[in-house]
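Here's the letter readout for the chains.
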Amino acid sequence: MLAIYVVLDGYDFGAGIVHLFFAKKEKDKKAITNAIGPFWDANEVWLIASGGVLFFAFPTLYASSFSGFYLPLIMILWLLIFRAIGLELRGQIHHRLWETVWDKAFGIASFLLALFFGIALGNVVRGVNLGMVENGVSAHEAHYFFLPLWNPTFSPTAAHLGIIDWFTILLGLVGVVTLTIHGANWIIYKTNSDLNDKLRTVIFRLNFALLALVILSLVVWHVIAPKPFLNFIETPWLWIFPILTLIGLVGLFWVKAFKKDGIGFIFSSLFILGGFASTAASIFPKLLPSTNSINPSLTVYNVAADEYGLSVGINWFIIAFILLIAYVFIQYRVFKGKMDDIGYGEH
Amino acid sequence: MEDMLFYDRMQFAFTITFHYLFPQLTMGLSLIIVYFKWKFLRTQVGHYNDAAKFWMRIFALNFAMGVVTGIPMEFQFGTNWAKFSELTGGIIGQTLAMEGMFSFFLESSFLGLFLFGEKLLGHKLHFVTGFLVFLGSWASGFLIIATHSWMQHPVGYEILSNGKFVLNNFTALFSNPWLLPSYLHNQLASLVTASFVMASIGAFYILNNRHSSFGKLFVKTGVVFGLVSSVLVAFPTGDWAAKNVVEHQPVTFAAMEGLFETQDGGSEIVLIGQPNVVDKKLDNKIAVPNILSFLTYKKWDAEVKGLNEFEPENYPTNIPGLYYAYHIMVGLGTLFIALMAAGAIQLWRKKLYATKWILWSLLFFLPFPYIANTTGWYTAELGRQPWLVYNLLRTSEGISPTVSSGNTLFTLLGFIGLYLLLGMLFLILVGKIINKGPVTTEA
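These protein sequences, in sequence, are chains X and A. With my numbering, the residue at position 324 of the first sequence is 330, and numbering never jumps. With my numbering, the residue at position 398 of the second sequence is 484, and numbering never jumps.
Next up, chain X with everything else stripped away, as it sits in the complex (with noise of 0.2 Å):
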């Protein structure tokens, strides 16, 4: 569910991105927040319900990380509040100053908004000081950390970690390119604006930055992640997934000869869930691991809920998630095709 509200949401935060970097006449504003106008509130609803989900399934990996994330979660928050009314506050008064801040305000924070979905990827693939181990004794239950934003070495193998080192940044990056990309296809597949066509370009050039940073994250994965591909070669078919994330970045050096708009899409889609599901078979049962050798790794195993929870939990969340679907496709079926006439935000 995640992986889907990061597929949802991220081309909305890439969208954004674009807009910050790329769109300079009103009118290809105008084609971005149409683009993503009215779908960006129920793509956020996916982010509450991988919450929800979180919470109920694994109630202590939610208690456990976001209370040593504590920082940057907050700061998520206030980064996806500013995103929400720069996003729909703009269009409310013409006046130059008053559209220019909203401008920004969206575009801003939607760009720190991938840079730190692309942190917290990092960090969870770092790990952290479970228990807060200090010269081999636990300062807090085995479970529970706490991260400062940095240390002031930036490095993710100093004994005091911090949220943002020169690792995390990295995938931060990643993050970036990969949703400024993302965001770039929805635009295309959703509007015919003028902006296209340099987005194509855009998307060619960065997909080479975007290469050159996977490789290096996957150079560097080594030295913080000891042995990631042991699953792979326990498990062989688990390989599905790098080589998707394969398809989906190699198809996008393409994106000029698409003869459908939406093909983009697809690529940059594929891209980002295989590069979750590897991210997770690598590291899998562990979903957060611990950098100290006192306190264990927390796994599926050791963070779920009970047994007649889970079970009466995933009843209705079946349910549940029949509706969602349905609703999703309702949604979509209701806004398809080009949007750049539906004037969204306009009053």
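It is worth saying that the hints were derived from the structure and are not from the lab. Every residue, glycine too, gets a C-beta built ideally from N, C-alpha and C. Watch out, some of these pointers could steer you wrong.
As the list claims (entries may be wrong) - Example chain X residues on the side facing chain A (calculated, C-beta under 8 Å, incomplete): (1) LEU83; (2) GLU94; (3) LEU95; (4) GLY97; (5) TYR150; (6) ALA231; (7) ASP312.
What the hints assert, rightly or not - The list that follows gives simulated cross-link-like pairs (lysine-lysine, BS3-like), each with its CA atoms no further than 25 Å apart: (8) LYS342(X) <-> LYS329(A); (9) LYS139(A) <-> LYS522(A); (10) LYS518(A) <-> LYS110(X); (11) LYS292(X) <-> LYS250(A); (12) LYS518(A) <-> LYS302(A); (13) LYS342(X) <-> LYS250(A); (14) LYS35(X) <-> LYS292(X); (15) LYS384(A) <-> LYS329(A); (16) LYS139(A) <-> LYS329(A); (17) LYS169(A) <-> LYS292(X); (18) LYS110(X) <-> LYS35(X); (19) LYS329(A) <-> LYS302(A); (20) LYS518(A) <-> LYS139(A); (21) LYS204(X) <-> LYS266(X); (22) LYS384(A) <-> LYS302(A).
With chain X held as given, fit chain A onto it using these hints.
Leaving out everything else, chain A in the frame of chain X:
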């Protein structure tokens, strides 16, 4: 430790108070909008449809505010109340996740269609989407209050040796005796807010001599819905909710009523007075003998337990706060019934739109249902203290062990600043909508 608990509680209290300013309007308002759409379908009078459209715009703005301020609520269970989440997540996580998956998705998906899809869908389907929005928002309230009820009166659980609460009976969560009275009481209170807002804006238009035909419709609808809901919110639903407190949290009830000592031969009801916690008495009180016993047990001389019968460590932590919150709610509730009854009498005599004092009162009563709803929730939440899960888990045991008070103070200040900005923007935009007013579409 004390500091940490204080800032965690302040942050939750501040963000939830601000958040609930919006859903309390949207839940009630969605019902009245559905009523307008239904009237339109029945009578084919375009006036009703135009009224519905006007209120939809106010609804949408409030809904958006509710969404952006609601996400921090869910996050805070994990960020600030990690221990509580870890221990009880297997139970309250269920109802909270269901809220997101069932009701919130329903509401937000169909709101988009309801707002932008009238031409596309036709009037009948458009009515259906409106009804689904109403259903989603009321289901949302139900699941949140199911969570609240479990904390007030835990059911269907067992406690493992490691202190974790696990669910052993899913349906018990919904047959909890605390749930139905609280839910009905809360939904009717939400309808009170919506009715007063409607009547208030209607009165504003009439007094201003603008959009008068809409103004009359809004005042009339607001007064009728308002009278029914203000009466029902007090009796029987408020009475039911209070009986739950008497039965399951007698110490809370004693503190709410400011009853420091058990009184022989029946308890008096306090109308006004200031609790003096040091000397354990009420200062400057005005009270009527035996009424409290009668209201509680239907017997004039029944014994109502005073605070003296309980252990001080189980007293609600803020007795004066609880007492004032409860009395403000009850006092305002009484005024609501009086004002709406006066309005209804004048409406029946066909003199309402010319009775200036009622119109002015309606206009200026706008903030009071918000205050009554907020103090009502303070009564419930302060009354549960010092417990997070009543009688089982203390509030001080639920906070995140690793988040320092400095960090929470920082984020609390951030929320205050950000919500101040949000509040100002909201007022500007809602002012714009009201100033523009409803638009009559040519049939």
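Outcome of the hint check:
The interface hint given for LEU83(X) is met, as the beta carbon of that residue sits about 5 Å from the closest beta carbon of chain A, less than 8 Å. With a least beta-carbon distance of about 6 Å to chain A, the hint placing GLU94(X) at the interface is held under the 8 Å criterion. A hinted interface residue such as LEU95(X) counts as satisfied when its beta carbon comes closer than 8 Å to some beta carbon of chain A; here the least separation is about 6 Å, so the hint holds. The criterion of a C-beta within 8 Å of any C-beta in chain A is not met by GLY97(X), whose closest approach is roughly 11 Å, and the hint is violated.
Interface hint status for TYR150(X): upheld, as the beta-carbon distance to the closest one in chain A is roughly 5 Å, under 8 Å. At about 23 Å, the closest approach between the beta carbon of ALA231(X) and any beta carbon in chain A exceeds 8 Å, and the interface hint on this residue is violated. Interface hint status for ASP312(X): upheld, as the beta-carbon distance to the closest one in chain A is roughly 4 Å, under 8 Å. Restraint check for LYS342(X) and LYS329(A): the C-alpha separation of about 53 Å exceeds 25 Å, so the hint is violated.
Restraint check for LYS139(A) and LYS522(A): the C-alpha separation of about 13 Å stays at or below 25 Å, so the hint holds. Straight-line distance between C-alpha atoms of LYS518(A) and LYS110(X) comes to about 23 Å, which keeps the hinted pair within the 25 Å bound. The suggested pairing of LYS292(X) with LYS250(A) holds, with an alpha-carbon distance near 22 Å, which does not exceed 25 Å. Straight-line distance between C-alpha atoms of LYS518(A) and LYS302(A) comes to about 21 Å, which keeps the hinted pair within the 25 Å bound.
Annotation: proposed proximity of LYS342(X) to LYS250(A) is violated, straight-line Cα distance about 47 Å (limit 25 Å). Proposed proximity of LYS35(X) and LYS292(X) is contradicted: the alpha carbons are some 42 Å apart, above 25 Å. Under the criterion of a C-alpha separation no larger than 25 Å, the hint pairing LYS384(A) with LYS329(A) is consistent with the structure, at around 12 Å. Restraint check for LYS139(A) and LYS329(A): not satisfied, since their Cα atoms lie roughly 41 Å apart, outside the 25 Å limit.
At roughly 21 Å between alpha-carbon atoms, LYS169(A) and LYS292(X) fall within 25 Å of each other, so this suggested pair holds. Using a Cα cut-off of 25 Å, the hinted pair LYS110(X) and LYS35(X) holds, with the two alpha carbons roughly 11 Å apart. Annotation: proposed proximity of LYS329(A) to LYS302(A) is violated, straight-line Cα distance about 39 Å (limit 25 Å). In summary, the hint linking LYS518(A) to LYS139(A) is supported, as the alpha carbons are separated by about 15 Å, within the 25 Å threshold.
Only pairs whose Cα atoms come within 25 Å are accepted, and LYS204(X) paired with LYS266(X) is accepted, the gap being roughly 16 Å. Among the hinted pairs, LYS384(A) with LYS302(A) is inconsistent with the structure: their alpha-carbon atoms are about 42 Å apart, more than 25 Å.
The structure is inconsistent with the numbered hints 4, 6, 8, 13, 14, 16, 19 and 22, although it conforms to all the rest.
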